[in-house]
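K.L.:
Residue numbers (numbering that gives the first Met the number 0), protein chains in the order written: chain A, 0 to 362; chain B, 0 to 362; chain C, 0 to 362; chain D, 0 to 362.
Hints were generated in silico from the structure; no laboratory data involved. Be aware that one or more of the hints could be misleading.
As the list makes no split between identical chains, a pair holds if one copy fits it or if it spans any two.
What the hints assert, rightly or not - List time: in silico DMTMM-like cross-link candidates among lysine to aspartate or glutamate, alpha-carbon distance up to 20 Å: (1) K18 - E62; (2) K18 - E35; (3) K60 - E32; (4) K147 - E257; (5) K306 - E57; (6) K268 - E311; (7) K321 - E257.
4 protein chains.
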Amino acid sequence: MNTFGHFFRVTTWGESHGKAVGCIIDGCPAGLEIDEDFVQKEMDRRRPGGEFSSKRKEIDKVEILSGVLNGITLGTPISMIIWNVDVDPRPYEELKTIPRPGHADWTYYAKFGIRDWRGGGRASARETVARVSAGAIAKLILRKYGIKVFGYAKEIGGVEFHVENAEKAFEIAEKSPIRCPDPKKEKEAEDLIKKVMVEGDSVGGIVEIVAQNVPAGLGEPVFGKISAYLAYALMSIPSVKGFEIGKGFEVSKLKGSENNDQIILKNGKIRFATNNAGGILGGITNGEDIVMRIAVKPTPSIAKKQKSVDYEKMGEVEISVKGRHDPCIVPRIVPVAEAMVSLVLVDCMLLQGLIPRSFTGRT
Amino acid sequence: MNTFGHFFRVTTWGESHGKAVGCIIDGCPAGLEIDEDFVQKEMDRRRPGGEFSSKRKEIDKVEILSGVLNGITLGTPISMIIWNVDVDPRPYEELKTIPRPGHADWTYYAKFGIRDWRGGGRASARETVARVSAGAIAKLILRKYGIKVFGYAKEIGGVEFHVENAEKAFEIAEKSPIRCPDPKKEKEAEDLIKKVMVEGDSVGGIVEIVAQNVPAGLGEPVFGKISAYLAYALMSIPSVKGFEIGKGFEVSKLKGSENNDQIILKNGKIRFATNNAGGILGGITNGEDIVMRIAVKPTPSIAKKQKSVDYEKMGEVEISVKGRHDPCIVPRIVPVAEAMVSLVLVDCMLLQGLIPRSFTGRT
Amino acid sequence: MNTFGHFFRVTTWGESHGKAVGCIIDGCPAGLEIDEDFVQKEMDRRRPGGEFSSKRKEIDKVEILSGVLNGITLGTPISMIIWNVDVDPRPYEELKTIPRPGHADWTYYAKFGIRDWRGGGRASARETVARVSAGAIAKLILRKYGIKVFGYAKEIGGVEFHVENAEKAFEIAEKSPIRCPDPKKEKEAEDLIKKVMVEGDSVGGIVEIVAQNVPAGLGEPVFGKISAYLAYALMSIPSVKGFEIGKGFEVSKLKGSENNDQIILKNGKIRFATNNAGGILGGITNGEDIVMRIAVKPTPSIAKKQKSVDYEKMGEVEISVKGRHDPCIVPRIVPVAEAMVSLVLVDCMLLQGLIPRSFTGRT
Amino acid sequence: MNTFGHFFRVTTWGESHGKAVGCIIDGCPAGLEIDEDFVQKEMDRRRPGGEFSSKRKEIDKVEILSGVLNGITLGTPISMIIWNVDVDPRPYEELKTIPRPGHADWTYYAKFGIRDWRGGGRASARETVARVSAGAIAKLILRKYGIKVFGYAKEIGGVEFHVENAEKAFEIAEKSPIRCPDPKKEKEAEDLIKKVMVEGDSVGGIVEIVAQNVPAGLGEPVFGKISAYLAYALMSIPSVKGFEIGKGFEVSKLKGSENNDQIILKNGKIRFATNNAGGILGGITNGEDIVMRIAVKPTPSIAKKQKSVDYEKMGEVEISVKGRHDPCIVPRIVPVAEAMVSLVLVDCMLLQGLIPRSFTGRT
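Build out the structure end to end from the sequences listed, making use of the hints.
P.N.:
What follows is the structure in structure tokens.
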């Protein structure tokens, strides 16, 4: 259950304040050139830093321990490790037996009868480091096929961002400390985040992810729908409470004649006049952009007083959560969401036989 | 990919206008009493009928071919078959090489280079018959543990239904031909459906599904989050374009202090003061009700003129979709959604070791 | 666990004296022409008949219920059903609570706390009918690539059969009622079988299976070795107690210099001077013939008096097993073993990307 | 494919002369006390050393990176790493494009179009280090249930060892440098190994593995037979060419009346008078000892001159394999085989619901 994927399988491990986090990729085609700079850049996109994020200082340097010889993949498992550098479990000690509201503390304890109290352990967003490292390898494969996966904030704390062109939105957002693609609304959102920081509170938001140049035919009938697979992938990210594709929940207000994308010929190819479907019909890609959105809840770690129960003393208590937290996790979830979508796409392309087992000439 | 589940595995098969549809359940505990009346009642809840649904007449009688002896499960695969009775592929003949907008016709053809043109084949909602039969067995297991799974329409064509108490809402909805839980809004929604029927059009909506008395501790860390699993299960249903849990997309507008459910003692047990999380924290159940919603698109089959392309002649055409279709699929998706949620819950309970391999005394 | 395969997945169901047995193939490429005559011929090769086998009369007619349109596969699940015709559970009634020695009666009961007493239920060799039907589809795929899978008896009741050329051995064996490839030893083996029949006893033997024209590179490193996979496949057949590949257990008596197959050039291609490895090195095919043998135990159902325990009365009893049984199951296991090997090969070829998702031109 | 197990899943990684090898265990129950001394002792049992094994000097110290807090498992993935210390790929440089007979060099190249020439890379027996570390954790679980798994050499280079009592045999073998359980034959076997060492050659053998106190009811019907699973597990070990259970290949020479284990009452419990079945009937354990044997081929790395082909120059060559190798791998395969059997047993017990998700009181 710590493994993701059917063919391109990623297994992640590691606790937030343990020695390290890491992952193994099994099923990566042989003969792939590993651009380590690119991998590191992806890691940096997720790394905390700046005034709107956690003050934990991690360099997040990826070390590749196996599966790669002279920069080329061997077809064997790629083991990647990221050592935890700035570990400090002390702020969590006083909450050893007191679950934090909005966190997985209580549910892990209910499940396992034991829990890693050091900053959420395995349930911490620190775990997503490993996802991004694996996603970077997936992106290296996708880029051989001209497939792009990118995301940006679509809404923060109720402030909606307008997006006309997804690619441009991404470019703008990458320069924004809160990954806002809408310069007209950026200050409003930033001010809101600053305000809740002062209040010891947090805000949520919506992230939009787009995949371009995806070939038609990906996804499997019935239970293996790529829309279901993408939902699974994105809902597995901590703090995500909703997923929609294309028009999403808006379809509830549309008629069939409004929602159906008309089928047309464009440059001699079968295409769709609109993309309300978000690139997927019957769970299989139709060649148009895949457009998805996820709902991200406000960071549960807040300084404001909250109620909880000490499960050893079985008494109610009031707590204030310390440690180093993001007042809004939306910006840093973007690269994680991109990573998950990239993993899904590579996996589906392998299942569809569009990616070979080896990029060298032999096979 | 036509198999769902890890431990309680359901494999479905069959085309809409083929001989039959069916499923195999592998991993059902032995010693379970099969209440065939209950199974049939579940089938009937999904069956077309009434003025708001398709005119196809299917009796949907489930025949159990294996895995059950004298009404008791053996622990071996349960094979269930539902013969297709009212098969009529003729209306689809003229669209043999013309994909219908909003349907999987084009994507299946892009994937397989061949497609069953007889009413969508495998991509038809007819496939969900098999899901409901398997879900009925899952419900028989859940009911041994007092777990209830039910759903109702939450919105149809933009008409929102008010729900105060989920259980009562379900009771009311079950008596409504459109599964509306809000008597004040029922006529408005029905009139809307009638209107679009006359126009040769269709409408979408939102379905809410609730699971009660679910034990804390279900779901697996990281990729096996039960929220991700539920999203996967429900997004695999034809026509579903969005999924949310608890507050869902509304979290974008909330602060952490508003969204976090405070932890309290209730009758000496750890519980939550509110249920914004929808019963799940960190991907693991917390003992509160699981509350989910899915967005259902308007039925793509509409009589209104639409544009498409004949992929053999590679020429644009105008079509009108015939056959027997639901103007609004929302009411009939309810039992399908319940079935999928039930499958997930049984699977997670088996994974957690809460359901034995056999209900008889021996093991 | 009633499913076999990763990509080309076969799920079987059905009890020996239930209504029917059958299977679903999920993952069969689209566009495959189904030669129903060939499928039926494979079924007939396994069917009881003749003086050396069970007297149960089954026609074993395969009915395809889904996944095929006008004789061509759609890429969707192929559901096949074989109705049980000559069902007669009466001889088993007196053994309802008395497990038969050498059978799975006791172990199924220990596992599930309930068992199908009607002729072994799911543990009966009747289950292998479904394997052969699936294997026939696999063979149809393999034959597109010139790959042949065949088997014959290598030993019966201690009588060893000499084989010089595997293909010729197969041809001879197919004409022998006991699948003996060695005309000089056939009578000796037949006489032995007749003798044990008279004694109310049975004999075992060894089956050899050969796969020819298998491309190099099949199988996965470490746990996915094709040798391990073939062992798994063949050991899953009822009554099989041993598996070996190439020189098998004889390697214990060889030196490295004797056992290593020297690598040579043959017609400009890398080949091996001998084939002690049985076509597999490091768990991956090397392009030579795959040669395997399995040990088949004597049929446990014998008329001779045996000791058992009535598990309800918890008292020791003496029994004589009635019903219709093969005095030697070796000849009828041959097509089952071929089926399992064929399933493995198709699965590995799909994993290696050597078989497309569709045989039509489109994908 | 580098993952083993359904519930208790082990993923291994690492090349022979890379930085490290390691594994991740996913699905280990929470609350298990990790006895690190025991783990290290298991590692030491496999480690090279002594006059009959490879001269590579590895300390094989296991470092646990995650999943364990204060010596207790958390239920999250256990990542274990073993750094490669005595790495020396130089002897392999001259064979960069020349596959060694009996090795996976050619087949890996045929599969991936690239291969790690440094001592076999992933196909090296070095990979089994990770199996033993995972197996040690499995043994810690089994020992809570009184289940013992042990092995010894049964034959080396044709010299057969007599065993009367399996447990005693193990005790004796553990003190023998070649894991010989038969003091009368030990010198003969050792002299043989010394002789082939001098000749620059190697020998094979047979290993017997026994599992005691295994509960009845483990294993799944049809494809999930525990006998098939054990065969899969043991055949996945490098150099293993055959597997048999109970009487194994000898069943070919037995009659049903000789082979069937009679069912009797022993201390009021259903047991078997003999154990020809090796503890398994119909693929499910019957409560008797599981007794298995595997055929181990002679080490392919030999100094003697051998023929091969340089696949870049496509010319035949003569080679002598250097590096540090075991003249007989049998003794060192014993702990690896025990590890694989232990993994299977823990996995089957979890599937059967006999091991909880957590050993602490809560769940």
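K.L.:
Could you run down the list of hints and mark each one as holding or not?
P.N.:
Hint check results:
no.: 1; hint: K18 - E62; verdict: both (14 Å within a copy, 10 Å between copies)
no.: 2; hint: K18 - E35; verdict: between (23 Å within a copy, 17 Å between copies)
no.: 3; hint: K60 - E32; verdict: within (19 Å within a copy, 32 Å between copies)
no.: 4; hint: K147 - E257; verdict: neither (28 Å within a copy, 37 Å between copies)
no.: 5; hint: K306 - E57; verdict: neither (31 Å within a copy, 53 Å between copies)
no.: 6; hint: K268 - E311; verdict: between (66 Å within a copy, 12 Å between copies)
no.: 7; hint: K321 - E257; verdict: between (50 Å within a copy, 18 Å between copies)
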